[in-house]
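**Q** Residue numbers (the UniProt record's numbering), protein chains in the order written: chain W, 1 to 479; chain E, 1 to 495.
No lab work stands behind these hints, which were simulated from the structure alone. Because the structure is a prediction, the values reported are computed rather than measured. In this text, a Cβ means the ideal position worked out from N, Cα and C, and glycines have one as well. Mixed in with the good hints, there may be bad ones.
What the hints assert, rightly or not - Here chain E is said to cover these stretches of chain W; the calculated rule only asks that three of the stretch's residues, wherever they fall, bring their Cβ under 8 Å from a Cβ of chain E:
hint : region
1    : 41-48
2    : 105-114
3    : 260-266
4    : 406-413
5    : 454-460
Said to hold, decoys possible - Lysine-lysine pairs mimicking BS3-like chemistry, simulated, CA-CA at most 30 Å apart:
hint : chain 1 : residue 1 : chain 2 : residue 2
6    : E       : K186      : W       : K424
7    : E       : K95       : W       : K424
8    : E       : K384      : W       : K433
9    : E       : K299      : W       : K382
10   : W       : K192      : E       : K395
11   : E       : K171      : E       : K86
12   : E       : K38       : E       : K76
13   : W       : K424      : W       : K100
14   : W       : K88       : E       : K93
15   : W       : K433      : E       : K281
16   : E       : K236      : W       : K100
17   : E       : K266      : E       : K281
18   : E       : K106      : W       : K379
19   : E       : K395      : W       : K84
20   : W       : K100      : E       : K463
21   : W       : K433      : E       : K431
22   : E       : K95       : E       : K38
23   : E       : K463      : W       : K88
24   : W       : K380      : E       : K34
25   : W       : K14       : E       : K202
26   : E       : K76       : W       : K98
27   : W       : K84       : W       : K98
28   : W       : K98       : E       : K93
29   : E       : K168      : E       : K76
Each chain, letter by letter, is given below.
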Amino acid sequence: MAGEDKKQQPFDSKAASSLVAELRGAFASGTTRSYQWRESQLRGLLRMTDEHEQDIVAALRSDLGKPELESVLYEAAMLRNSCKFALKELQRWMMPEKVKTSLTTFPSSAEIVSEPLGVVLIISAWNYPYLLSLDPVVGAIAAGNAVVLKPSEIAPATSALLAKLLGEYMDSSSIRVVEGAVPETTALLEQKWDKIFYTGNGRVGRIVMAAAAKHLTPVVLELGGKSPVVVDSGINLQIACRRIIVGKWGNNNGQACIASDYIITTKDLNELETFYGKNPLESKDLSRIVNSDHFTRLTKLLDEDKVSKKVVYGGERDPTKLQIAPTILLDVPRDSLIMNEEIFGPLLPILTVDKLEESFDIINSGAKPLAAYIFTNDKKLKEHFVNNVSAGGLVVNDTTVHLAVHALPFGGVGESGIGAYHGKFSFDAFSHKKAVVYRSFMGDAAIRYPPYTNGKLRLMKALLGGSILGILRALFGRS
Amino acid sequence: MEEETEALEEMERELEEMRECYRSGRTMEASWRKSQLKGLLRLLREREEEIFRALHQDLGKHPAEAYRDEIGSLIKSVNYALDGLKRWMSGNKAKLPRIALLTTAKILPEPLGLVLVISSWNFPIGLSLEPLIGALAAGNAVVLKPSELAPECSSLLANAIPYYLDDKAVKVIQGGPGIGERLLHKKWDKIFFTGSARIGRKVIAAAAEHLTPVTLELGGKCPAVIDTLSSSFDRKVAVQRVLGAKFSFSAGQACIGVDYVLVEKKFSSALVELMKVVMKKMFGESPRESQSVARIVNKHHFLRLRSLLLDPLVKSSIVYGGSMDEESLFIEPTILMDPPLQAAIMMDEIFGPLLPIVTLNKIEDSIEFINSRPKPLAIYVFTKDEPLRRSMVSKTSSGSIVFNDAIIQYLADTLPFGGIGESGMGRYHGKFSFDTFSHQKAVVRRSFLVDFWFRFPPWNDHKLQLFRSSYHYDYLGIVLTVLGLKRTNRASKGI
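Work out the full structure, taking the sequences as your base and the hints as a guide.
**A** Shown next, in the form of structure tokens:
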């Protein structure tokens, strides 16, 4: 439906404004607030994913050359799990949370009520275009909001599929897809939303937040960064390597926000490359680079003078197929291009240091990444890492797995983002937690009101201090 | 111009020193955080007289008001933080599905780094130190910029804080909009702002340059909906609470103060009569001499409030009070009955001791009235009617909603204090203060001992089926597939 309109007239400011007005009307009618509506929409997403899995796989293959298993696993299955978890917990999430009240507000009872924010905008990314579009939608719906989804135009087949399927399976009075690129996104960003959820890079993240600022709209920004992997000696190198490999190249060929970006290890671990030499990834089980812009960007990183001789494995590329082979570089200089921007591709530089503790300084001297990983059996090193490295999330002895844990908030810090989601955190991200206090007409104290006197001051001090003795003393005129 | 560059460079140097201090890890220690909180406690106890004097000078507050709203409330909050600190710092275990063998997951809070707290003038001590409590408890280095419109309090803080707190990690920077502007364009790990929506927009726009997260505590027109109460006891309590909440908190210059009242037409005249009686009791015949009404903060705001009453239709709606004295910046607690809804007094946040009463045909109409205006920081409803209560909670939206009282939500450590929409974003108080200045870091620890071989390429149907079973937490399915007893489940042919 949205796709058809696009051909007829451009989606401009006026169109965006009337879309928002329409959704506000729908929200105001109260449709999206009922448990039944939220449940039916979540089930719709589930059915949609089940019934169209092959279409999803085909779209992802067209957009990214993504291997079927990755599509099924990292996109469809994860989205399904998200829906199921939300369906299981929804009733509990929707219940008000009773809180304790104290002497200062006695007598009273209080609770925190979750209410939907209203009409929210979700802008998603191209690397996991199905999952990153719909996972936030799960949270928005569970929280009872009306939603506009703007999928990434850099994954056009998935974008079109989402527009078509959401139009068929979801309640289009309250859930809509707007396809398009910069002009459409700009038109959307001019409107007043109750929340904007953006997944992508820091440059556009700033633009989103600046646009949100005009309307005092709160945002969640899921960005990226250079997620480092610190590798210690004295570990099971084979397992560590397997986990690093699958976390890097098994994830969209490195085009993932939490993929290992670079490795830091001590000089005595050069044998790493021999393990990679045996890596099983020389097959068609690899995504291609999403488009020629990114292909050019990545080859530039590889071909920079300082770095081009440091390739120890791989380096092959095919511009016609937009393929770059898994590539490892050893001892790249810290001031090279490849060490100064998020790689987001199948290149893995290895930095060597004299003592592993130096790696923490290296990591902390840069922008805070979305994730950081360490492989070690040394307890002290583990604790030091966990307590001193700041990142969105940390994993010890593995990479990327924290993404799949519903009970953990998934989000960045500093340059890697604002806010978090997954599981209940998604519900919370799209809710307003309203404080509700119930007082009776009894239990008033004259000391609250003017005229103010010193006697009242004494009593007040005692009351706020909370001590019964103090109160008694003040009441009897002593303090 | 040169002076400006020099000043900016000096500021940058100071901030860089503070970042160094933070990086040294000092502020992360529990002992440091405790010592800072205890330092605040000592400041509040030892400098109490000075604080009373400063608040009286800046805003004409009586010590009872100052203690109730600022000092006492802060002491309560510091004690609550000291009590909870160890627990808050230790984070939470996260539940994992059984399939995650030999894996643990936890949410560990960590400080954000160097944070900026900008406070407002109406509760200049309270609104400066309350966020500071959270920032320090969470282990951050902090710059506090108090409001220049409460100069005595700003000076007091600038003098006292370096004495009682760690002056390498906690600094007070005084100044007006120029300094504020300069500070906003620096890189912070968080900005916490209390003030108007207009400046709030500037704060978040500046924060966007550095992707800095913000908490904005703004304001709005907080309505008090007074239902027709049958018991005269209840009526008296309701009126006392509404009038107290309007006039005895910084003379109405409070973000969660009552802005206006909504009442049914048929109850309105009885209400006003009762209000007049209670007003006399609270403020006497001559409110100016009563010492129980704070004054207006400065001439600018005095003139702004005076101009709200210039409109003849507004002026003629005054039913109590109305006198003003520019010399002493005093405005008498004033009640108006049904001023025109288009008048400025009904459009902008009043932030002063003028109380409009708006009459409606039915009390339920108050829901639409409130919803057609920006979401306020608080809604107050005085009623015993259960259906009305439920409607108000579910059909209106505000930072908080309180039944049969006003403002007290500020004192509750267990309730999030913050706004929504135009009234703000983010929240604090109690543990929410700690959380608002923390990053909740996800930490997963895995063992080398267990791995699922099907995690790794090359991919095939067998592995795909194993994954499907895993994701469904279908343990039996996994076992059967491994044993070759479960057929792989494919929806279509090909590949």
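**Q** All hints, please: hold or fail.
**A** Do the hints match the structure? See the list:
1. Coverage of the region 41-48 of chain W by chain E is violated. Counting CB-CB distances below 8 Å, 0 residues qualify, and the rule asks for three or more.
2. With 5 residues having a beta carbon nearer than 8 Å to a beta carbon of chain E, the region 105-114 of chain W meets the requirement of three or more and the stated coverage holds.
3. Beta-carbon proximity to chain E at under 8 Å applies to 0 residues in the region 260-266 of chain W; the threshold of 3 is not reached and the given coverage is violated.
4. Proximity of the region 406-413 of chain W to chain E, defined as three or more residues with a beta carbon under 8 Å from a beta carbon of that chain, is established by the 5 residues found.
5. Counting residues of the region 454-460 of chain W whose CB lies closer than 8 Å to any CB of chain E gives 4, which reaches the minimum of 3, so the coverage claim holds.
6. Taking the CA atoms of K186/E and K424/W, the gap is about 34 Å. The hint is violated against a cut of 30 Å.
7. Taking the CA atoms of K95/E and K424/W, the gap is near 12 Å; set against the 30 Å cutoff, the hint holds.
8. Pair hint K384/E plus K433/W holds up; C-alpha atoms about 24 Å apart against a cutoff of 30 Å.
9. Proximity of K299/E to K382/W is assessed by CA-CA distance (about 60 Å); at most 30 Å being required, the pair is judged violated.
10. For the given pair, K192/W sits about 21 Å from K395/E by alpha-carbon distance, which is consistent with the 30 Å threshold.
11. Restraint check for K171/E and K86/E: the C-alpha separation of about 25 Å stays at or below 30 Å, so the hint holds.
12. Our distance criterion of 30 Å between C-alpha atoms is met by K38/E and K76/E, whose separation comes to about 12 Å.
13. As the CA atoms of K424/W and K100/W are separated by approximately 22 Å, the hinted pair is consistent with the 30 Å bound.
14. Of the supplied pair hints, the one linking K88/W and K93/E holds, its CA atoms being roughly 21 Å apart against a limit of 30 Å.
15. Only pairs whose Cα atoms come within 30 Å are accepted, and K433/W paired with K281/E is rejected, the gap being roughly 38 Å.
16. As the CA atoms of K236/E and K100/W are separated by approximately 28 Å, the hinted pair is consistent with the 30 Å bound.
17. In summary, the hint linking K266/E to K281/E is supported, as the alpha carbons are separated by about 25 Å, within the 30 Å threshold.
18. A distance of roughly 17 Å separates the Cα atoms of K106/E and K379/W; the hinted pair therefore holds under the 30 Å criterion.
19. Restraint check: the Cα-Cα separation between K395/E and K84/W comes to about 29 Å, which is no more than 30 Å; the hinted pair holds.
20. As the CA atoms of K100/W and K463/E are separated by approximately 50 Å, the hinted pair breaks the 30 Å bound.
21. Between K433/W and K431/E the CA atoms are separated by roughly 14 Å; this keeps the pair inside 30 Å, and the hint holds.
22. This hinted pair does not check out: K95/E and K38/E have alpha carbons roughly 35 Å apart, beyond 30 Å.
23. Taken as a hint, the K463/E and K88/W pair is honoured in the structure, with Cα atoms around 27 Å apart against an allowance of 30 Å.
24. Between K380/W and K34/E the alpha-carbon distance is near 25 Å, which keeps this suggested pair within the 30 Å criterion.
25. For a cut-off of 30 Å, the pair hint linking K14/W to K202/E stands: about 26 Å separates their Cα positions.
26. With a CA separation close to 21 Å, the supplied pair K76/E and K98/W stays within the 30 Å bound.
27. Between K84/W and K98/W, the direct Cα distance comes to roughly 26 Å. Compliance with the 30 Å bound is thereby established for this hinted pair.
28. Distance hint between K98/W and K93/E is fulfilled; the C-alpha atoms sit about 22 Å from each other, no more than 30 Å.
29. Between K168/E and K76/E the CA atoms are separated by roughly 26 Å; this keeps the pair inside 30 Å, and the hint holds.
Hint violations for this structure: numbers 1, 3, 6, 9, 15, 20, 22, all remaining hints satisfied.
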